[in-house]
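Position chain B against the provided structure of chain A, taking the given hints into account.
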Amino acid sequence: MILGKGEQDGGVPHGRLLVAYAEAVIHGDAAAIGRSAQSIREHLSDAALVDSAAVVATFNAIDRVADACGIPLEDEKADLTADLRADLGINDFPSQVGVA
Amino acid sequence: MTAIIHADAAVPVRADLSAVHQRALDRLALPGTWLDGSQRLAIAAETRNSGRCSLCRRRKAALSPYAIDGRHDSLGGLSEPMVDVIHRVATDPGRLSRDWYQSVLDGGFGEGNYVETVGVVVTVVALDTFRLGLGLPPLALPSAEPGEPSRYRPAAAYVQGCWVPTQSKDQVSEEDAYIYHNRFGANIQQAMSLVPAEVDGFFDMVETQYLTGAEMRDFDNEFRAINHVQIELLAARVSAINQCVY
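In order, the protein sequence lines correspond to chains A and B.
The opening position of the first sequence corresponds to residue 1 in this note's numbering, with each subsequent residue numbered one higher.
The opening position of the second sequence corresponds to residue 1001 in this note's numbering, with each subsequent residue numbered one higher.
These are computed hints drawn from the structure, not numbers from a lab.
Keep in mind that a hint or two might mislead.
As the list claims (entries may be wrong) - What follows is a list of derived Cβ distance ranges for each label pair: (1) Ala1019(B) x Arg41(A): 17 to 25 Å; (2) Gly10(A) x Ala1062(B): 17 to 25 Å; (3) Gly11(A) x Ser1064(B): 35 to 43 Å; (4) Ala1140(B) x Arg41(A): 25 to 33 Å; (5) Gly10(A) x Gly1107(B): 40 to 48 Å; (6) Arg1058(B) x Ala47(A): 37 to 45 Å.
Don't be surprised by glycine CBs; every beta carbon is placed ideally from N, CA and C.
Looking at chain A on its own, in the form it has when it is part of the complex (with noise of 0.2 Å):
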C-alpha cells in the first residue's frame, strides 16, 4: 500500500481511502481529492478528513526539507530499517544512488 500497490486497507482501518487521498492531494487532482475526501467524512468523521489534510500537508513538506538539505539517516533507523528498505525498495530511491 505504501507503494501505491494493493487493494486492501493492509489491515489499517480504512487504509485504502486513506491512500487514495494522500495519492489525489499530492497529484492534485481536484475530482478524486473532492470524492476521496468526501468518502473520508462519511466513513470516518470531518475532523478525521481535517488531520489527514495535516498529515499530507507536513509529509509533502518535510520531504522536501529533508532532501533539500541531504540530511542522513540516523543509524539506529537504519539499522532497524534494513531488511524493509530493501523489500520496499526505497534503496533505489534516486537520492540513495551512490550512497553506501
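Same frame as chain A, but now just chain B:
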C-alpha cells in the same frame, strides 16, 4: 491580518491548526535571518508559480533533471539561481543532489540564504497542501512587514553529515536551545538549524499538523481523529510518492 483563517472550509478546522497556520502565514511577511519580508514573500509566490513552470515539467519528465537546460518560467524579481532553488525544491525534491547543492553554493548562494529559502518553500508547501486537501484555494499572502534580516549565523553550526551546516541538540548554544525544547533533536529537526528561526517556525506547524515527538511515541493514547497507524500510513504513502528515503 486576515479574517479567521480556514473560515471558508466546509468542515470545522481545529483551532490550534488555524492558529499555527496564521502564525506561519504571518511569519512569511516578517524579516527573517537572511531575507527581508519582501524577499520571503517573493519566494512564497514563486513557490506557488513553480507548478506552472514548463522547464520544471520537462525536467520532471526527464530521466535526469540535470540533463535539461533552460530558463524557468518565473514571476520575475528574484535571481535565476534563487528561482532554480525554489523550483527544484518545490517540484522535484527527490532528485536533488549534493553536486547540484554544491553548484548552488559555487554560484555565490549563501548557505544561510539557501536554508532560509528552503524554510519558506516548505512552509508554503505545507499551507497550500493542507488547503488543497480540503478543496480550498491557497491563502492570500500578506503584505511585507518592514525591517532588516538579523544575519545571525550560529557559531556552533558546521557541516556534519548533511549537505548544509547544522548544530545538534548537544552542540546548540543557550541562545538557540529553544529550537530543541521538547524536541528529540532528530536529523530532520537539525536540518535547518543553521537558521534557528526556520526550525522553530516549521516544527511549530509540524507538531500541530502531525504530532509532537512525545505523542508520536505514545502508542497508549491517540491524539487525533485518525490513529497512529492511519497517520503513519498517510505519511509513508506521501513520502513514497515524493521518493523521500528519510
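Checked hints:
no.	hint	result
1	Ala1019(B) x Arg41(A): 17 to 25 Å	holds (23 Å)
2	Gly10(A) x Ala1062(B): 17 to 25 Å	violated (33 Å)
3	Gly11(A) x Ser1064(B): 35 to 43 Å	holds (38 Å)
4	Ala1140(B) x Arg41(A): 25 to 33 Å	holds (26 Å)
5	Gly10(A) x Gly1107(B): 40 to 48 Å	holds (45 Å)
6	Arg1058(B) x Ala47(A): 37 to 45 Å	holds (41 Å)
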